[in-house]
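Enquirer: Those protein sequences? They're chains A and B, same order as listed.
Quick note on full-length UniProt numbering: the first sequence kicks off at 1 and runs consecutively.
Quick note on full-length UniProt numbering: the second sequence kicks off at 1 and runs consecutively.
In case anyone wonders, no lab produced these hints; they're calculated from the structure.
The structure presented is a predicted model; accordingly, all values stated were derived computationally and were not measured.
Every residue, glycine too, gets a C-beta built ideally from N, C-alpha and C.
Misleading hints may appear alongside valid ones.
Claimed, not checked - Here are the simulated BS3-like cross-link-like pairs (lysine-lysine), alpha carbons at most 30 Å apart as the crow flies:
1. Lys-137/A - Lys-35/A
2. Lys-490/B - Lys-277/B
3. Lys-455/B - Lys-557/A
4. Lys-18/B - Lys-521/A
5. Lys-544/B - Lys-18/A
6. Lys-455/B - Lys-473/B
7. Lys-704/A - Lys-734/A
8. Lys-156/B - Lys-704/A
9. Lys-358/A - Lys-8/B
10. Lys-74/A - Lys-490/B
11. Lys-4/B - Lys-343/B
12. Lys-521/A - Lys-40/A
13. Lys-490/B - Lys-264/A
14. Lys-156/B - Lys-540/A
15. Lys-277/B - Lys-490/A
16. Lys-358/A - Lys-521/B
17. Lys-490/B - Lys-455/A
18. Lys-473/A - Lys-490/B
19. Lys-416/B - Lys-455/B
20. Lys-521/B - Lys-156/A
21. Lys-460/A - Lys-490/B
22. Lys-544/A - Lys-455/B
23. Lys-455/A - Lys-74/B
24. Lys-18/A - Lys-490/B
25. Lys-35/A - Lys-394/A
26. Lys-74/B - Lys-519/A
27. Lys-8/B - Lys-519/A
28. Lys-156/A - Lys-678/B
As the list claims (entries may be wrong) - Listed below are several chain A residues computed to face chain B (Cβ distance under 8 Å; list not exhaustive):
29. Asp-451
30. Lys-490
31. Glu-561
One-letter residues, chain by chain:
There are 2 protein chains.
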Amino acid sequence: MNVKNFIKENNLEHVFSKGSFGIEKEGLRTKLDGKLALTKHPKTVGSRQHHPYIQTDFSESQLELVTPPTLSLKEQHRWLVALHDVAHRNLLEDEFIWPFSMPNILPDEDTIPIIDVEDKKEIHYREKLAEKYGKRKQMISGIHFNFSFAPDFTEKLSQLNIDHREKLDFLFLKLSRNFIRYQWLITYLYGASPVCHPSFDNGESQGVYTRSIRNSPIGYHNTFSDRVSYASVQSYVEDIESFVKEGQLIEEREYYGSARLRGKGKAARGLLNEGVKYVEFRSFDNNPFDSLGFTIEQSQFVHLFLLTMLWIEQNSTDDEMDLGMKKNELTAGENPFEPSQFKEEGLLLLNEMIETAKELGLDSSYIRSVEEAIAAFEEPERTLAAQVVKAVEKEGSYMALGSKLGQAYKQESYEKPFLLRGFEQMEMSTQLLLFDALQLGIEVDVLDEQDQFLKLTHDKQVEYVKNGNMTSKDTYISHWIMANKTVTKKILADEGYTIPGGEEFVSIENALDHYPLIKDKAIVVKPKSTNYGIGISIFKNPPKEEGYREALEIAFKEDSEVLVEEFIEGTEYRFFVVNGRTEAVLLREPANVVGDGERTVAELIKAKNTHPYRGEKHRAPLEKIQMGQIESLMLKEQNRTFESVLEKGEKVFLRENSNISTGGDSVDVTDSMHESYKRIAEEMAEVLGVNVTGIDLIVPDMTKESTPTEPGYTVIEANFNPAMHMHAYVHKGKGRRLTRKVLDMLYPTIQLS
Amino acid sequence: MNVKNFIKENNLEHVFSKGSFGIEKEGLRTKLDGKLALTKHPKTVGSRQHHPYIQTDFSESQLELVTPPTLSLKEQHRWLVALHDVAHRNLLEDEFIWPFSMPNILPDEDTIPIIDVEDKKEIHYREKLAEKYGKRKQMISGIHFNFSFAPDFTEKLSQLNIDHREKLDFLFLKLSRNFIRYQWLITYLYGASPVCHPSFDNGESQGVYTRSIRNSPIGYHNTFSDRVSYASVQSYVEDIESFVKEGQLIEEREYYGSARLRGKGKAARGLLNEGVKYVEFRSFDNNPFDSLGFTIEQSQFVHLFLLTMLWIEQNSTDDEMDLGMKKNELTAGENPFEPSQFKEEGLLLLNEMIETAKELGLDSSYIRSVEEAIAAFEEPERTLAAQVVKAVEKEGSYMALGSKLGQAYKQESYEKPFLLRGFEQMEMSTQLLLFDALQLGIEVDVLDEQDQFLKLTHDKQVEYVKNGNMTSKDTYISHWIMANKTVTKKILADEGYTIPGGEEFVSIENALDHYPLIKDKAIVVKPKSTNYGIGISIFKNPPKEEGYREALEIAFKEDSEVLVEEFIEGTEYRFFVVNGRTEAVLLREPANVVGDGERTVAELIKAKNTHPYRGEKHRAPLEKIQMGQIESLMLKEQNRTFESVLEKGEKVFLRENSNISTGGDSVDVTDSMHESYKRIAEEMAEVLGVNVTGIDLIVPDMTKESTPTEPGYTVIEANFNPAMHMHAYVHKGKGRRLTRKVLDMLYPTIQLS
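In isolation and in its complexed conformation, chain A is listed as follows:
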């Protein structure tokens, strides 16, 4: 079959060039002095028994990050970014991830720790490997690139009048064969293990640079000399099975071919029943210059390379594959600053790649990545291996460079601990929840990014989560109860809770008629059915009729019904109740600065705004204090300007309202709030039949116990989908990880190992 013609004849170019991708990235945990970390795999990243994303390979210290299959390289990339954030933030303070494929400073062979897991069979397999290859070799890390066709493509195939499974097997085989034939090109360009630490090879390779020690004969290969045939799936499976039978392989998974056919399950035989599902390409070195070990540009180049392996007419024979393996070994051993001995073949192939990209209509970034490669053929110092050598020499040593880079990558993950990189466009609460889910090893599928819609799976239990805490654990009606403030109040009042008095209006005229009854009272005007505090006006002093009318106009913009409630004196606290417990109590203070006897208000604001928790437009847990008209007016009322110097300890407010979104401070008071109020919030949640809610109580004295005769609180409202990020990173007090509590509610049985 001619693939190119087949694709073109059936107009499959678009779906053919999509693809499904995954990356597995290994890296050694390393101490600050560059030595292999001999500590245990962090407990906080969940149990390796089920963790889909964060695993260990041969050694307890060999972290392995595994992205889920994704439908674009961008997706693949962001998953890898996110997993690095999770991994980095769960490392011990004095550990980091080694950025090279070749190991850090290894201890005595005996001291190198094999994985410490419950499954004895897993340990046994590693012990056998250690025996066979030596532990050192097993410590070499790398990148595996998994590729399959997009579901759209297989669906289209299935609609054609052909045996589509056979067709897919054919494509996967051709892909693997040609990849093995031409993989040397990748090693030329992206080989990145030109040096290693003497502890790896007793210093044997010192002073001699090659493109890839890992792809060289002393690298990571099977010990047997026979080849696995890729002539058919049948021959592939039978060869592997017979190697195991004959004892050349301990288990099937020991087969280290640089293109492994993968099915649904782990056993090779499954390929015969269900067909090939994807191919695992294993020859890639970690790129030390990228915090992820592999750039998105590299992925893109590899993708096009794979498409080209299908697009060209050649379908390599087993002998041609042998040649390819040989060329790869030779390339790996070349001096990084010398031209490729296969330059001609390389340039031909690169031109084929450009041709393929054009015929498939791929975007220009693909072609740019090939142009880069062409340049690297002309100037070998542009190859990754050459650059690594230069950087090692510049930094003084392999260890110095690796330590510097690895620690810097870890530091990047700490810069904005409230964000999960890769998913920064999602709401902060969702990012925190995602982080926690990845940490616990819950499978995550972003069903709709804009809509903050996640699918979580663990041990076959599927849970959908929207906006961080809208789940199956709450009922449909509980949402609507909270959305309707009148209904909430009725239900709570019926159960004897203290609510503010008030009336409900359907028109401004209606509400204005009511003015005589409220004209001497402090009141709050608010839309009946909004959340998030929108459209609310507070009159701590009785309103003039004009002000009352304005407040009504604002509220009626949000809703067709408006409540006019009595204003209750006291401080408002947000009680966050999840799964029956008040897990956090927060006080929100209006934007303010405290003087030091020296600086002006403007300077104090500037200084306060430098805090890493303060950002703009909900991209940080706190907002920067503005210096606008409202703040200026507020200062004027206090006979101040932005230029006033405040006395030491003097606190000046810049806003009336306590919203975090206008620069307010979040103060966690969970531990100082009298327990009785927490119980009341929990009871209210129960009465409302809700598992996640933010209950706003006004409590004049939080240290005084609430009693039936002196309740000491008034309930203002119960909020659905209450914000969680503002509790996690607070201006003052202890941060509360409510996203984790939500996950505990959904998956009460998940245990950290």
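Fit chain B to the given chain A structure using the hints.
Expert: Relative to the frame of chain A, chain B by itself:
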């Protein structure tokens, strides 16, 4: 204490004049020939063991409708209207409710059926009553008017520095004492039992008209001559208890005083512990001219009368109460056309009432009701009793009048069977659900009428329902899954269900770039997150770019994300799944008429629109077909006008879209749809984790079984809060009572007796 001064000094006028109200109304079930119905209480109105609203009193045939306590007379009135609708629509075809207090044609004393309930004690009590009074007297029916103060009033009292329970007891006692003293005024005005059928008294009273047989000595009174003292709650309780002890009362409830003090429980002694909660006023005759037996104007007059009983200085002594009872008896015995012998006292009282209304700032309708009463004192023929006599004479007989009125009232309840009168402003589905709940004897509290928010209670189980089927049985997240069409499709596709192909766009430009890929296809353009079919455009033929752009503009008005899906050929059906079962399948046909060879399109439309199910603006299960521009254009495309005469059997469509709201027909196909599709809809509901949903499937051939290889359907969407009324009253086929299925889901244990 001077009540008037107390109220005024504490500014309580507003809350004092509010009140809490209830009505109990008895009426005999009657056969078309006017004879007492000897059939059983209808099973379809729930079990009398728990029914809060529809009961029987002494006799199996004596229906008793009981409104819940309401905070306004309007509320009270609408509940009574609704309960009448429920009662009427559950009667046998040849039965109706007798509109008079005095009975219909009674059979032999022995044949009159005592209630037939499970509780033997209840039956035993009635047997004792029958023994003591004779069954005939027990068949007299009447109105009980329950009054209490508004919760606002009692709350304000509790905030004053007084013993508020004592104060309330004082008020209730004063109210009762003065009511008994002056009740004759009510009997004068509203006495409405001037005649009775000879079967009641062997014809003894024939030819002699009085104001109220029921209030006369041969009416409904206790047999003992001693009085119950209202000097204090203590004396009231002790007197009743001693009458029971001495055997003058069978049980406490036999006390028939026209003002009975009521506490929380049934035992009089409870009054001492918890105080008086309300007073039950019992001297009112059924008003045969009102379908409810009591007009809202009467209620208003009584309310003001009660307020006046509190407002006046007098606090009647037991002797004065005796005088009042005497006067009531004398008034009851007066000739309806003669002036009252207590006219002077009456007019004084009525003027006090006007004074009271003014001082309390009641609205003018209260004063008008008093002016009516003044007129009735001047012209006795304006009294209810006199009007009844005149109507009886005009109609020929008491029986003729009673039959005519009773049957007409029943008929009114059948005119719009899809509405529940009293609640017509609510959504139709909510009205149907309310009807079913009242029928089953589920307690209903309308928490928010505009928001369609109900609280249901049965046997301590509280359920909140919004919009007829948003309940606690569905999860918060299931709503959002259905609200997001992309997410719905992903989840269903993951489970292998057939969905239309499609793409999602975030901008018009984005979607226009996609035009080349769809330009040869039939497509549907729709907003991602709307329900109820809003903003959708269908192109059964490939769209021109301009039309595509317009459709995008329409869809983007509704949502920031828009789906462009392939259009699937076939007929769309709505599968209504509730609680795991497909309970209804509906086909919606665009507005159409079928010719008869004689009439024009316009005439056919007019005729079709006369069907009682067709109305306007969602106030009926089907909408009237419009004769607007769209219909005119649609006819033009078919070379027709409104004036075209259609051939016999010729069907002409007046709309493209099949919405019921634009005059479409609803056709129930539940029984003809192949079971396999119903199972698929049920499975989809399960996959989406939802208990109530309307799943739209396109099925080209509904008689052909769906199989894994030939599914025979495509799922278009799953709707949250699917309409229920359109299934209940259909253009063709069998109506499906889905509201009842929702209640069965919420309360699976409710058994009809």
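Enquirer: A separate judgement is required for each hint: does it hold in the structure or not?
Expert: Going through the hints against the structure:
1. Of the supplied pair hints, the one linking Lys-137/A and Lys-35/A holds, its CA atoms being roughly 16 Å apart against a limit of 30 Å.
2. Between the alpha carbons of Lys-490/B and Lys-277/B the distance comes to roughly 58 Å, so the proposed pair goes past 30 Å and is violated.
3. With a C-alpha separation of about 28 Å, the suggested pair Lys-455/B and Lys-557/A falls inside the 30 Å cut-off, and the hint holds.
4. Proposed proximity of Lys-18/B and Lys-521/A is supported: the alpha carbons are some 22 Å apart, at most 30 Å.
5. In summary, the hint linking Lys-544/B to Lys-18/A is supported, as the alpha carbons are separated by about 28 Å, within the 30 Å threshold.
6. Of the supplied pair hints, the one linking Lys-455/B and Lys-473/B holds, its CA atoms being roughly 14 Å apart against a limit of 30 Å.
7. A C-alpha spacing of about 22 Å is found between Lys-704/A and Lys-734/A, which places the hinted pair at or below 30 Å, so the restraint holds.
8. Using a Cα cut-off of 30 Å, the hinted pair Lys-156/B and Lys-704/A holds, with the two alpha carbons roughly 26 Å apart.
9. The suggested pairing of Lys-358/A with Lys-8/B is violated, with an alpha-carbon distance near 91 Å, which exceeds 30 Å.
10. This hinted pair checks out: Lys-74/A and Lys-490/B have alpha carbons roughly 20 Å apart, not beyond 30 Å.
11. For the given pair, Lys-4/B sits about 26 Å from Lys-343/B by alpha-carbon distance, which is consistent with the 30 Å threshold.
12. Taking the CA atoms of Lys-521/A and Lys-40/A, the gap is near 64 Å; set against the 30 Å cutoff, the hint is violated.
13. Restraint check for Lys-490/B and Lys-264/A: the C-alpha separation of about 21 Å stays at or below 30 Å, so the hint holds.
14. Taken as a hint, the Lys-156/B and Lys-540/A pair is honoured in the structure, with Cα atoms around 23 Å apart against an allowance of 30 Å.
15. As the CA atoms of Lys-277/B and Lys-490/A are separated by approximately 21 Å, the hinted pair is consistent with the 30 Å bound.
16. Proximity of Lys-358/A to Lys-521/B is assessed by CA-CA distance (about 26 Å); at most 30 Å being required, the pair is judged to hold.
17. Between Lys-490/B and Lys-455/A, the direct Cα distance comes to roughly 11 Å. Compliance with the 30 Å bound is thereby established for this hinted pair.
18. The suggested pairing of Lys-473/A with Lys-490/B holds, with an alpha-carbon distance near 21 Å, which does not exceed 30 Å.
19. As the CA atoms of Lys-416/B and Lys-455/B are separated by approximately 25 Å, the hinted pair is consistent with the 30 Å bound.
20. A C-alpha spacing of about 16 Å is found between Lys-521/B and Lys-156/A, which places the hinted pair at or below 30 Å, so the restraint holds.
21. A C-alpha spacing of about 17 Å is found between Lys-460/A and Lys-490/B, which places the hinted pair at or below 30 Å, so the restraint holds.
22. A hinted pair counts as satisfied when its Cα atoms are at most 30 Å apart, and Lys-544/A with Lys-455/B does not qualify at roughly 38 Å.
23. Simply put, Lys-455/A and Lys-74/B have alpha-carbon atoms about 49 Å apart, too far for the 30 Å limit, and the pair is violated.
24. Pair hint Lys-18/A plus Lys-490/B holds up; C-alpha atoms about 18 Å apart against a cutoff of 30 Å.
25. Note on Lys-35/A and Lys-394/A: the hinted pairing holds, with a Cα-Cα distance of about 21 Å set against a maximum of 30 Å.
26. Among the hinted pairs, Lys-74/B with Lys-519/A is consistent with the structure: their alpha-carbon atoms are about 29 Å apart, no more than 30 Å.
27. Under the criterion of a C-alpha separation no larger than 30 Å, the hint pairing Lys-8/B with Lys-519/A is consistent with the structure, at around 20 Å.
28. The hinted pair formed by Lys-156/A and Lys-678/B meets the criterion: a straight-line CA distance of about 29 Å does not exceed 30 Å.
29. The criterion of a C-beta within 8 Å of any C-beta in chain B is met by Asp-451/A, whose closest approach is roughly 5 Å, and the hint holds.
30. Using the Cβ-Cβ criterion of 8 Å, the hint placing Lys-490/A at the interface with chain B is satisfied: the shortest such distance is roughly 6 Å.
31. A least Cβ separation of about 7 Å between Glu-561/A and chain B falls short of the 8 Å threshold, and the interface hint therefore holds.
Going down the numbered hints, you'll see the structure goes against 2, 9, 12, 22, 23, while the others check out.
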